[in-house]
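**Q** Sequence:
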Amino acid sequence: MNQQTPQKPLIKSAIAIAVTVLGGLGIYAGTSIDEQTLVAANTGAHSTEKNVSHGASAWGANPLMQAPAAHVASLASEKTDATLASDQHPDAPSAPVSVTAEMMAQMELPANFVPNNAEGSTDNAPFSHIHLQAFSSGSTAIELLGNDLNAVAKWYGMSSDGFRQLLLTDSSVHLDRKGRMLHIDAGLDAGTAAGSTMQATATSTVSVTTVVSPFPLDQTFKLHTKPSSTRVLYLNFTGQGSNPAFDLDKLPATYSDAERLMIQKIWQRVIEDYAPFDVDITTEAPAVALGKIGTTILITPQTSSAGGYAYLNSFRTFTAGIASAYCFPNNLANSEKPIAECISHELGHTLGLTHQGANPSTAYYAGQGSGETAWAPIMGVGYYKNLTQWSKGEYANANNKQDAYAIMLKQGLTPNADDHGNTIAFADAMLASSANGLNNLSGNGVIETPGDVDMFSFVAGAGSVTFKVNGSVLGGNLDVSLQLLDSTGKLLASANAADTLSTSISFSLPMQGTYFLSVTGAGKGAPLISGYSNYGSLGRYTISGTSALANSSIAVASIRTSSTGGKGPYSISFDASASALAGGKINAYQWNFGDGTALASTVVAQHTYMKAGVYDAVLKIIDSKGLTTLKGVKITIS
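If you count the sequence shown from 1, position 354 lands on 568 in this note's numbering, and the numbers rise without skipping.
Simulated from the structure, these hints should not be mistaken for laboratory data.
Incorrect hints may appear among the rest.
Said to hold, decoys possible - Calculated lysine-lysine pairs in the DSBU-like style (CA-CA distance at most 35 Å, straight line): (1) Lys606 x Lys506; (2) Lys368 x Lys781; (3) Lys506 x Lys624; (4) Lys704 x Lys682; (5) Lys781 x Lys848; (6) Lys704 x Lys799; (7) Lys781 x Lys845; (8) Lys848 x Lys506; (9) Lys704 x Lys839; (10) Lys506 x Lys615; (11) Lys624 x Lys606; (12) Lys839 x Lys799; (13) Lys624 x Lys848; (14) Lys368 x Lys615; (15) Lys839 x Lys682; (16) Lys825 x Lys839; (17) Lys825 x Lys704; (18) Lys781 x Lys839; (19) Lys825 x Lys624; (20) Lys682 x Lys606; (21) Lys704 x Lys845; (22) Lys799 x Lys606; (23) Lys682 x Lys436; (24) Lys682 x Lys848; (25) Lys825 x Lys682; (26) Lys704 x Lys606; (27) Lys436 x Lys624; (28) Lys781 x Lys825.
Source: prediction; values computed, not measured.
Start from the sequences, fold in the hints, and give me the full structure.
**A** What follows is the structure in structure tokens.
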């Protein structure tokens, strides 16, 4: 098969990081996760040129990779609080990496790049008149900023004292010469990454090493989650300027099958962290950047001991060829999970999130618990725990209680619209097909916000019903909780597996009828001890199940309206006459208009909405078998 990959851009400068416009970037049709049929990855040879410097090894082209070893600080060890010692991995990077001023100078974004303020705006930025002598951190940064400290603190939504404290206590925080803030984050210790902890983590992630990519290998640089979105997070594995392409085999001129599969699995993990959001996570640069909001993260090898870095609040008007975040795979053991964790973490910085550590002195919290439900915050360090989630600091001694979703929303990352109704009146029917005397049921969805409930309906005969709901095999954030309900809303059974993220439920249905399965995100245990709340339990899931076949018809409720909304006061006609039961009849109708007014019991009802709002109007019918069926419609009054 003829393969297409981005062509080699010309090298503009050996020290130009993140400022070279990509030259000759191939443009290809997007491959959307929503549109692709799951197929096994190709096994044929796929060898495509990478971005390398002409006439020089890609591993020696960048000054960052040529820095003397004496100038690269090793990961600092730090004594943790005794209450956290049992959960903090002994080799976790408890203190960020330090790098030389020479190396920092290579990271600087163009002088005219303005990060968003705390509210997501670039208006009246203070950076144009700031000219610091060098990259800086800690007390040096405070001294160099001088009278500009208050303005920069205010820009990032902090008090002056709070900003000073951040600079003095989080050594990952640096200022470039324009006073713009970036985090330079620690990488993995190579010995740790190759040892038992990383192996145990891989084992707990549901047979990670056996996962086959859902896309052909020649689609590796065309992956998209939502091409129609105006928000974009571009995962650039192809190199940029003097920064070489992602490379595992030291063969910089080609992408092997193993490298392509690794890229796809990294992408699959990252998209789970951002599954609830209206954003295109892509391995292909947008063909048209106009109107796009987002950022690029460059995944490129370096010899600095940093795992990656990112400019705070740099999720803004998308500019091709400018990366505001980096991850360095060779400092992440060239391993799938650590690289993916780095990418999500650094992108979190671009969206306004700062580090989540633990008092008194742990810079990055490494999590708690064990096994498949072992948990860590994405903005701490997620290398050593299977389940990583967005967090608001609900664990013991948390030093940062940022509401991650609220911060990211201010920076322009919005949640996706709810894909399924939250109540039985607004439930979506599962797909159903009969085989081997059973009703085979399936569905899928996304839990987009904390507390979101996705409701599904199914018709079943009396007898056993069984469901299993799984999150993503790679890097899923969702701990699933299920409820089985009858047509009156009565709870029949519930399930939330204690030690796995997936969940199963079984029950013997007493009679034929319409039943409902609700899916939501769950927590585990006590967040202050070893568990987590449902705050970060969001993401994709799939449903599979079986039930007994129904042997007769079920009543169908139908609503027809003259309108679904208007400017109040507004009168709407509701008609249930199309509701039917084959071989039977409807005995009773009941309308609840959702605004607290009296119910109506006629087939056709007229109702006037007096106040602005969104209302759930619900029809309840009772058939000649005594069974109840609900149907809802949303009414919007302006």
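**Q** All hints, please: hold or fail.
**A** We went through each hint and held it up to the structure:
1. A C-alpha spacing of about 28 Å is found between Lys606 and Lys506, which places the hinted pair at or below 35 Å, so the restraint holds.
2. Taken as a hint, the Lys368 and Lys781 pair is broken in the structure, with Cα atoms around 41 Å apart against an allowance of 35 Å.
3. For the hint pairing Lys506 with Lys624, the CA-to-CA distance comes to about 16 Å; that is within 35 Å, so the pair holds.
4. A distance of roughly 21 Å separates the Cα atoms of Lys704 and Lys682; the hinted pair therefore holds under the 35 Å criterion.
5. Restraint check for Lys781 and Lys848: satisfied, since their Cα atoms lie roughly 15 Å apart, inside the 35 Å limit.
6. Note on Lys704 and Lys799: the hinted pairing holds, with a Cα-Cα distance of about 24 Å set against a maximum of 35 Å.
7. Proposed proximity of Lys781 and Lys845 is supported: the alpha carbons are some 24 Å apart, at most 35 Å.
8. With a C-alpha separation of about 31 Å, the suggested pair Lys848 and Lys506 falls inside the 35 Å cut-off, and the hint holds.
9. About 18 Å separates the Cα atoms of Lys704 and Lys839, which keeps this hinted pair within 35 Å; it holds.
10. With a C-alpha separation of about 30 Å, the suggested pairing of Lys506 with Lys615 holds against the 35 Å cut-off.
11. With a CA separation close to 16 Å, the supplied pair Lys624 and Lys606 stays within the 35 Å bound.
12. A C-alpha spacing of about 9 Å is found between Lys839 and Lys799, which places the hinted pair at or below 35 Å, so the restraint holds.
13. Using a Cα cut-off of 35 Å, the hinted pair Lys624 and Lys848 holds, with the two alpha carbons roughly 28 Å apart.
14. Pair hint Lys368 plus Lys615 holds up; C-alpha atoms about 19 Å apart against a cutoff of 35 Å.
15. Between Lys839 and Lys682, the direct Cα distance comes to roughly 31 Å. Compliance with the 35 Å bound is thereby established for this hinted pair.
16. At roughly 38 Å between alpha-carbon atoms, Lys825 and Lys839 are farther apart than 35 Å, so this suggested pair is violated.
17. For the suggested pair Lys825 and Lys704, the alpha carbons sit about 32 Å apart, so the restraint of at most 35 Å is met.
18. Proximity of Lys781 to Lys839 is assessed by CA-CA distance (about 40 Å); at most 35 Å being required, the pair is judged violated.
19. Restraint check: the Cα-Cα separation between Lys825 and Lys624 comes to about 29 Å, which is no more than 35 Å; the hinted pair holds.
20. Restraint check: the Cα-Cα separation between Lys682 and Lys606 comes to about 30 Å, which is no more than 35 Å; the hinted pair holds.
21. Between the alpha carbons of Lys704 and Lys845 the distance comes to roughly 16 Å, so the proposed pair stays at or under 35 Å and holds.
22. With a CA separation close to 53 Å, the supplied pair Lys799 and Lys606 exceeds the 35 Å bound.
23. A C-alpha spacing of about 32 Å is found between Lys682 and Lys436, which places the hinted pair at or below 35 Å, so the restraint holds.
24. Only pairs whose Cα atoms come within 35 Å are accepted, and Lys682 paired with Lys848 is accepted, the gap being roughly 30 Å.
25. For the given pair, Lys825 sits about 43 Å from Lys682 by alpha-carbon distance, which is inconsistent with the 35 Å threshold.
26. Under the criterion of a C-alpha separation no larger than 35 Å, the hint pairing Lys704 with Lys606 is consistent with the structure, at around 33 Å.
27. A distance of roughly 29 Å separates the Cα atoms of Lys436 and Lys624; the hinted pair therefore holds under the 35 Å criterion.
28. A hinted pair counts as satisfied when its Cα atoms are at most 35 Å apart, and Lys781 with Lys825 qualifies at roughly 9 Å.
This entry does not satisfy hints 2, 16, 18, 22 and 25, going by the numbered hints stated previously.
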